[in-house]
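Colleague: The lines below spell out each chain.
2 protein chains.
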Amino acid sequence: MVDSLHTYLEEKTAYIETHLVPALEKEGVPASLYESMKYSLMAGGKRLRPMLVLAVLEALEKPLERGVPFACALEMIHTYSLIHDDLPAMDDDDLRRGKPTNHKMFGEATAILAGDALLTRAFSLIAESYLANADVQPTTTVKLIAELGKRAGATGMVGGQMADIEGEGKKLDLTQLEYIHQHKTGDLLVAALRGGGYLAEANESQMRALTHYGFCIGHAFQIQDDILNVEGDEKQLGKAVGSDADREKATYPSLLGLEESKQRLDALITEAKTALAEVGLQHSALMPLADYVKNRTK
Amino acid sequence: MVDSLHTYLEEKTAYIETHLVPALEKEGVPASLYESMKYSLMAGGKRLRPMLVLAVLEALEKPLERGVPFACALEMIHTYSLIHDDLPAMDDDDLRRGKPTNHKMFGEATAILAGDALLTRAFSLIAESYLANADVQPTTTVKLIAELGKRAGATGMVGGQMADIEGEGKKLDLTQLEYIHQHKTGDLLVAALRGGGYLAEANESQMRALTHYGFCIGHAFQIQDDILNVEGDEKQLGKAVGSDADREKATYPSLLGLEESKQRLDALITEAKTALAEVGLQHSALMPLADYVKNRTK
Numbered sequence: 178m179v180d181s182l183h184t185y186l187e188e189k190t191a192y193i194e195t196h197l198v199p200a201l202e203k204e205g206v207p208a209s210l211y212e213s214m215k216y217s218l219m220a221g222g223k224r225l226r227p228m229l230v231l232a233v234l235e236a237l238e239k240p241l242e243r244g245v246p247f248a249c250a251l252e253m254i255h256t257y258s259l260i261h262d263d264l265p266a267m268d269d270d271d272l273r274r275g276k277p278t279n280h281k282m283f284g285e286a287t288a289i290l291a292g293d294a295l296l297t298r299a300f301s302l303i304a305e306s307y308l309a310n311a312d313v314q315p316t317t318t319v320k321l322i323a324e325l326g327k328r329a330g331a332t333g334m335v336g337g338q339m340a341d342i343e344g345e346g347k348k349l350d351l352t353q354l355e356y357i358h359q360h361k362t363g364d365l366l367v368a369a370l371r372g373g374g375y376l377a378e379a380n381e382s383q384m385r386a387l388t389h390y391g392f393c394i395g396h397a398f399q400i401q402d403d404i405l406n407v408e409g410d411e412k413q414l415g416k417a418v419g420s421d422a423d424r425e426k427a428t429y430p431s432l433l434g435l436e437e438s439k440q441r442l443d444a445l446i447t448e449a450k451t452a453l454a455e456v457g458l459q460h461s462a463l464m465p466l467a468d469y470v471k472n473r474t475k
Numbered sequence: 178m179v180d181s182l183h184t185y186l187e188e189k190t191a192y193i194e195t196h197l198v199p200a201l202e203k204e205g206v207p208a209s210l211y212e213s214m215k216y217s218l219m220a221g222g223k224r225l226r227p228m229l230v231l232a233v234l235e236a237l238e239k240p241l242e243r244g245v246p247f248a249c250a251l252e253m254i255h256t257y258s259l260i261h262d263d264l265p266a267m268d269d270d271d272l273r274r275g276k277p278t279n280h281k282m283f284g285e286a287t288a289i290l291a292g293d294a295l296l297t298r299a300f301s302l303i304a305e306s307y308l309a310n311a312d313v314q315p316t317t318t319v320k321l322i323a324e325l326g327k328r329a330g331a332t333g334m335v336g337g338q339m340a341d342i343e344g345e346g347k348k349l350d351l352t353q354l355e356y357i358h359q360h361k362t363g364d365l366l367v368a369a370l371r372g373g374g375y376l377a378e379a380n381e382s383q384m385r386a387l388t389h390y391g392f393c394i395g396h397a398f399q400i401q402d403d404i405l406n407v408e409g410d411e412k413q414l415g416k417a418v419g420s421d422a423d424r425e426k427a428t429y430p431s432l433l434g435l436e437e438s439k440q441r442l443d444a445l446i447t448e449a450k451t452a453l454a455e456v457g458l459q460h461s462a463l464m465p466l467a468d469y470v471k472n473r474t475k
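Chain order of the listed sequences is A and B.
Counting from 178, one number per residue, gives the positions in the first sequence under our numbering.
Counting from 178, one number per residue, gives the positions in the second sequence under our numbering.
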């Protein structure tokens with residue numbers, strides 16, 4: 178399974194990356210803005226959100242191509258959030274995935290605008306692409322946009338980022354930590370699963386299962402992030418290990434200890450997989466993808 | 178007409194402002210983020226973009242309420258662009274409409290996130306609201322979102338802002354100046370007109386006329402802005418007169434002279450009104466609104 182998962186991840190990553198640059202507009206866009214958008218969009222990464230969209234379509238035996246615009250839109254939103262998070266006024270990071278951050282390469286003003294433009298393009302990409310695709314009902318398109326906006330905006334990812342910034346240097350309890358991570362990381366994963374569900378015409382019980390799976394792996398993703406910050410390999414991670422402890426940042430290991438964090442992680446992955454099995458999706462790639470969230474080393 | 182236009186503007190501004198705050202989400206949003214979004218959204222302004230949406234619906238005898246979500250979304254996008262433009266890395270402004278800019282009130286990180294959240298909310302507001310409104314076809318909603326994204330993003334407003342920043346301190350010719358202003362200012366006005374047209378079920382010739390009117394008043398708006406920066410009243414404008422000349426910024430008066438700029442302004446307003454008259458819309462409020470763009474003193 179590890180070998181076939183590895184192949185699966187490589188194939189799907191290549192498939193997604195083929196579609197990302199063509200999904201940007203170039204004609205009529207100032208060259209520096211376009212280059213800045215492309216730079217961050219193509220700077221690597223796990224492509225987990227688009228991969229989940231494709232895996233849902235696959236699981237429900239629908240054509241993968243149908244998921245491409247929504248998958249690319251999710252990756253654009255994820256990318257814009259990283260560009261803005263790295264800004265001097267936010268986390269002030271110079272490196273991202275071992276490369277200079279967007280504002281280090283292009284300057285702060287361009288980085289802000291590239292983020293704004295990627296966020297805007299995510300929505301227009303969905304609207305334009307599905308308007309021209311007879312396989313997807315306009316109502317489905319509107320639902321996708323409502324879902325994405327809710328999970329990416331003030332009630333979702335942006336809200337999580339705000340809470341994270343406000344929590345810096347404060348003693349957070351587990352409830353506050355979970356609020357931050359559910360929104361900052363989990364919500365966009367849930368959007369991937371639910372959006373995939375809309376596109377694949379999932380029935381109500383499948384939709385509930387996909388949503389629950391999304392919440393579980395989102396939560397698990399963050400626990401594993403925190404664990405890797407304690408005992409990961411700096412080279413594989415591309416960032417410093419121990420930085421959370423140095424900054425006295427609230428994390429799962431700092432609040433629960435490493436052992437209990439690992440137990441929670443295991444339980445969440447089991448819960449995610451059980452939810453899928455209950456609606457007959459135990460043979461889909463979503464099962465090994467849940468394990469991947471737990472077992473990843475970067 | 179001046180008196181009745183004044184009443185019209187007051188009534189419509191009040192109507193729009195009643196709907197803006199309820200269009201934000203509050204539940205589940207960190208309080209500081211919500212306050213920051215509300216602060217800039219309610220900091221005044223002409224509400225020109227939402228007003229144009231309502232005027233199109235009125236002109237084509239459709240219920241105003243149908244335009245409210247799209248009108249509020251436009252104002253959110255306009256507001257986010259002002260918040261981000263005022264940031265230290267961009268124009269570095271301390272005051273906006275006589276009040277402290279968002280980052281002066283809430284800090285830079287919150288201002289960046291409030292902008293991101295307003296931009297995201299614009300799209301989810303349209304999607305959610307029209308999904309629940311049987312008067313608006315889902316296809317229309319998808320068209321509205323495609324239109325808004327195209328005019329607000331890299332090919333539109335964000336592209337214009339990028340070109341503006343890159344043009345600073347350089348000698349621009351009229352073509353470059355017009356590129357900047359068409360995108361930075363004009364495109365969102367065009368989106369208001371065309372979006373209004375979609376919502377009002379305008380026919381093809383009406384749609385062409387509305388689009389042309391939008392381009393003309395967008396262009397006129399910017400010429401008048403430049404003229405006011407030469408001979409306006411600082412108190413009414415709420416900003417310093419002569420700042421463009423001090424910064425050696427390319428403007429219509431600096432490239433064409435004041436007289437020719439005024440002639441162009443007149444010609445554009447006439448062209449905008451003629452376009453409407455040709456499709457039988459000579460009695461709509463869009464006619465005095467075109468004059469307002471020319472005659473405004475702030």
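A couple of the hints might just be wrong.
Since the list gives no way to pick one copy over another, a pair counts as held whenever it fits inside one copy or between any two copies.
Stated by the list, open to error - Here are the simulated DSSO-like cross-link-like pairs (lysine-lysine), alpha carbons at most 30 Å apart as the crow flies:
hint: 1; residue 1: K203; residue 2: K223
hint: 2; residue 1: K320; residue 2: K276
hint: 3; residue 1: K347; residue 2: K203
hint: 4; residue 1: K203; residue 2: K416
hint: 5; residue 1: K320; residue 2: K416
Since the hints were made in silico from the structure, they are not lab data.
Colleague: Are the hints correct? Go through all of them and say.
Modeller: Hints versus structure:
1. K203 / K223: Only inside one copy: K203 and K223 sit 25 Å apart there, 33 Å across copies, limit 30 Å.
2. K320 / K276: neither (36 Å within a copy, 38 Å between copies)
3. K347 / K203: Result: close only across copies, 24 Å inter versus 44 Å intra.
4. K203 / K416: neither (32 Å within a copy, 36 Å between copies)
5. K320 / K416: Cα proximity of K320 and K416: none, with 37 Å in one copy and 43 Å across.
Hint compliance for this structure: hints 2, 4 and 5 are broken, all remaining hints hold.
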